[in-house]
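*Asks:* Residues per chain are reported as follows:
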Amino acid sequence: MIFRLSTILFLALVLLLGADLSAQKYYESPYSYGDVSPSDFEIESEIIREDDPAVILCDIGASEMGYGARGQGEIQFSRYSRIKVLSKEGLSEGDRSISLYVGESDAQTIYRLKAQVHNLEGGEVVASKLKNKDWTEERYSDKINLVRFSLPNVKVGSIIEVSYEIRDPFWFQLSDWKFQSELPTVYSAYYVYHPNEIGYKLLKLGYYELAEVDQGSEYVTTNRTSVSGGVYRRNHFKFVCENLPAFRQLNLMDDKENYIPRIIGELSYLEQSDGNIKHYFQDWSTSVNEFLDNNTIKYFMKIKKKSFRIPVPESISDTLSQAMYLHRYIQEEVKCSDVGNQLFPQKSPEVIATERISTKNEANWLLVYSLKAQGIKAYPVLATSRNAPKVVETFPIISQFSRVLAGAIIAGEFYILDSSSPFMNFGQIPADLHNGTGLLLARDSPRWIDLYSKQRTASNTMIHFNQFTDGVLKGKMKIRKSGVEAEELRSDTKMQESQVLDALDLSDQWELKLVSCEGLEGESDLVQLEIDATYNAENLGGNYYIPAVLLDGIQENPLVEETRIYPVSYPGTWEKSYTCMIELPKNYTISATPEDAAFSLPEGLAMFQFSAKPVANQLVLSSKIRMKDDSFQSDQYSALRQLYDLIATSHSSMIEIKEK
Amino acid sequence: MKALLASFCIALYGSLFSSADFILLEEKATLTIESIKKSELKVSRRVLVLGPDGDHWAKINFVESDELDYEFYNVLIQSEAGNTIESFEKSNFRTTMAYTSSNSYNDKIAFHLDASQSKYPYVVEISYLREMDFLFPESWYFTSKDGKSLSSSFTLRVNSEIQVRTEIKGSDKIEVSESTDEEFRIKTYSYSPKEGYHVEDYVDPRSDYYPSLMVIPLNFERAKVEGTYSSWEDYGDWLIKLWEDRQELPKEARRDLDELKSQSLSPDELARAVYEYMQNRMRYVFLGYGQGGIQTMTAKETFERGFGDCKALSNFTSSALNYVGIKSYVCLIAAGSNVWPVYPEVVSDYFNHVIVCIPELNDTTWLECTNQRLPFGYLSDFTDDRYGLVIKPNSSEICRTNSFDALNNRVHRKTKINLLKNGSAEISVDGEYNNQTLNKNVFFYTELNSIKPEKAVKSATNLRSFDIREYSCQLYPENRAELKISFSVQSRVFARKAGEKLLFNPFLFTAPSKDIDTTHARINPFYFKRGKVYIDEIEINLPEELQLDVSEYTDNYQAEYPFGFIHYSIEQSGNTLIIKRKVGFLNGEFPASHQNDLFLFNQKIDSYNSPLYVLTNQ
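Chains as they are written, first to last, in this note's numbering: chain A, 1103 to 1762; chain B, 38 to 655.
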């Protein structure tokens, strides 16, 4: 959320309302802190699995927008949680940390921290309390302080209670509340209170339905006498989730935050002293314009005549080639790091280009700048990676994004570009950024665009064995990879030709000699390999056996669970094809071949074809897999799992060769 | 000049280091010991990185604390032609807390820099100055363990009033020169191998193999307590003084222990009861603040908090054992696998961990106190089979922790497979792992980390595309160093099809084999620790219409070597196949002349890890 300092000061001054932060009862709880009876140790719940190390009995949070001691706006966040340790693996629940955000001039502060451990000893509940001297606050990073403590006497069966409050000066944003974690949760609730004159936009996210069990407003009395003592009207919201099992990350799943039920909240409006309502939560257009008006960003978006430029050789005259030159120049000359990869650039274009060290986002800011400087229509494109939550499009908050790409229109065609990785071709974005949609930052008319690469993700392997002597097949292999497949090969080899054969990671039965390698350094979209290949077939009882798919096959179903409620997600669509031709001398015959197979999901969204055609002393084996969609919902899961089973069966089948 | 040197090195040593990922061009270290409270180590190093596996030289991490400071840390990256690509100072390093796990408390800061490049070759040049306000033994390898070093030297500058002991290990090719100046005695140790040497695996770390130097100050002061490395007894007495008055147990603990004492238990039972008492009341939390690194919390504080680090938990346990009348001592030990070997004849501080020694129980019982689940008297590969310093007043001594012979480190698995004609199978497994077979075991790891059964079975076996039907895992049943696993699965793709035939590998589990290098004639003897025996018994019910084809795997096989054995047998009764495989690795030292036999032995293990059986229509 981008606020100018003057705006914040203005808001602080015009706040009319005061809530005595210490006087309110923020939440209702099925338990009271410190009130633990022997019967509380008897926990039975269907959501607890045998291997769960602990269970969250209740986790309750409350955020109340109010007024701090110095008259400034602030949120008071309160939390109470009760956890039962179920096994020795759960003893680590006694080691707690709470992160506090540290801004440039202000920071979150913790207070009223209390915690205790209850054990049932001889039928009596014995409590061991955290002493005030036994917790620490440490600097974890530039932006985060960690409050940490280890609780005494935590045992299997212990009930742990933790309660604390945080004064949060960053009141334009509520603390996110997650109702599910890696422990089963019996009861989780989140309360939000704010004065009627200050509004927050609250969004319910995640896979489980969140119950908004209460919403309303009431008049409350504050005893604060400064700016606005007395009575004011307060709105309240209460969200509850009950009986959620532990969340487990599954194969082929994007960020877990997309599925965990949670509440996020941002400042929406503020009624000013003159009665006018100022809206902060408007639309993407306003947010984007505010973002683009930031002084740092302006520097990258408005290029003056005498501004710094990356020189493009005069011999490069067409726009596409100029753009490709700049893209490649930054890739090669600017070394990028993931560390401190803020959305806002911290350096000017000239400093990035001359220091040649930047964050990934800065490299792409430089690309946007350089393309514009070259007269090419270019825009920043904001994105998130697959290991971060997808952007909520109904929530026009720029801070949801974490990555910057460049969008360019060249000769009427639109390209999404990434110069931050040396492994990306022109028009290609990394696999981890294939994460739904991104926002193209055009003033007054931002647009959602699908994050995709020009290059489709495909892998094509062709093997032709034309010699067979004593179980040894000799021939040529051609491999073509594009899109994410090419990116992986470039990354695995660090674009070193000498690493290519190692990167194929083949068994000892292979002897390989790289004949040619094209496109590894990104000079073309495709990486193409030509390899002289020798394969030693397995001899069993005088017959030779060769796997049906010798390279890049799928011999294992990645969809482990028999049922699944979450979608299966890939970084884009993809296809894999494999063809192998085996020519045998006349004294040998192909005595057993794999069965043909074909399977397709409705509308051809996923497809597999497999055939083995023996003709005289030749065998042509082909396999083709195509995923035309990058996301499959739970109702498609069973069919997709069957498809993978069939692929695994076919790809792990064998060819038998016999002497006549 | 530097560029010329790099090019020259590539040309000159191209053949010598043809497989090298880097070449250590030059390395100079100077340790200056000014006083009992001040030492400086200045290091400069140039490394030619030839490929991605040499990048670790450009990924630099170091840790600072209130006792240890890096005055500067400069890194220069140059191209092959000698042009500067990047340069970094200490301020360019990223900083984090040194230990970030939830149960670690410390005041140490870690510095991180990744200056690796994507284009090769490149040169990493680093220089740093490390300052310490206390004296601590210094250990220095002259070459990386990969052995690609051209020149390395270590200069020791010692104030004339300070006494140090130096020990050269691992090479007779280290040249020593001596000089003096006004204040310092100066000794320079140089190592410039004429040729790169080939790295050998399975070498005794205590053997004279890696050229190295130990510098041990005779006297030191830490935590305001003076000590000496003149003898193990003296060093032990320093620790006793540092830990003085920290053994008194609180009243509550004494009351609980009195109750245990009153139960008429045998010494063994009583010691077990005390150990379990500690395990049930306390857990491990690392405390590394200031002197927390070397001085234990008091037994009273440890009891009250219910947690502590290895020192605190061992101190409490030892105090509790002594209270109930079982004589015990804390023992300093170098835990883990990547530690400097302990030379009993060289008194120094090799240690990073504390355990408890009960000398008079069952011919010495050792207790690891940082784990709530570990059975009484069991040391894992973290602390087993190595020297430790048992701390006794005026009589501290080096002792060796216990080890198991191969036959007592055993894996025994029984697998039943009901194979169906479509290639699927119903499979059940019952397995037992004990002693030193636990630590590297997938089920052990997954049990400790609450990992789902599907992942555990997938990681531990070669099964793919299966559905779990039953799963149970018992770690340390009845407080024994064992793990019992039992599971059954429906394997949807078990046998591979070739037309009407089925091909399958009956072994779900592999017996680990050793990678024996035969590209060079072996020089050093082979040194194997923790021998193990792997027994797999498999019963397979074949589909009625199919029969087993004859192949090399339908014959029995047996081989015995001084270093191990393999027994393989197969018998068929009706439609049931019974297959047994027993593989043993013995521990000990074996002559280099066994190189070829070892290679063949391990090759055979590999082949019996993945035999393919062929079933055809009857």
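Keep in mind that the hints are not guaranteed to be accurate.
[Said to hold, decoys possible] No farther apart than 27 Å at their CA atoms in a straight line, the calculated lysine-lysine pairs in the DSSO-like style are these:
| id | chain 1 | residue 1 | chain 2 | residue 2 |
| --- | --- | --- | --- | --- |
| 1 | A | 1231 | B | 492 |
| 2 | B | 492 | A | 1233 |
| 3 | A | 1437 | B | 521 |
| 4 | A | 1235 | B | 492 |
| 5 | B | 278 | B | 288 |
| 6 | B | 492 | A | 1358 |
| 7 | B | 521 | A | 1190 |
| 8 | A | 1358 | B | 495 |
Quick caveat, the hints were computed from the structure, so don't treat them as lab data.
Please read these numbers as outputs of a predicted model, since none were measured by experiment.
*Asks:* If a hint holds in the structure, say so; if it doesn't, say that too.
*Replies:* Against the structure, the hints come out as follows:
The suggested pairing of residue 1231(A) with residue 492(B) is violated, with an alpha-carbon distance near 38 Å, which exceeds 27 Å. At most 27 Å may separate the alpha-carbon atoms for a hinted pair to count; residue 492(B) and residue 1233(A) exceed this at roughly 40 Å. About 51 Å separates the Cα atoms of residue 1437(A) and residue 521(B), which puts this hinted pair outside 27 Å; it is violated. For the hint pairing residue 1235(A) with residue 492(B), the CA-to-CA distance comes to about 42 Å; that exceeds 27 Å, so the pair is violated.
Taking the CA atoms of residue 278(B) and residue 288(B), the gap is about 24 Å. The hint holds against a cut of 27 Å. At roughly 18 Å between alpha-carbon atoms, residue 492(B) and residue 1358(A) fall within 27 Å of each other, so this suggested pair holds. Simply put, residue 521(B) and residue 1190(A) have alpha-carbon atoms about 18 Å apart, close enough for the 27 Å limit, and the pair holds. With a CA separation close to 22 Å, the supplied pair residue 1358(A) and residue 495(B) stays within the 27 Å bound.
Of the hints listed earlier, those the structure fails to meet are numbers 1, 2, 3 and 4, in rising order.
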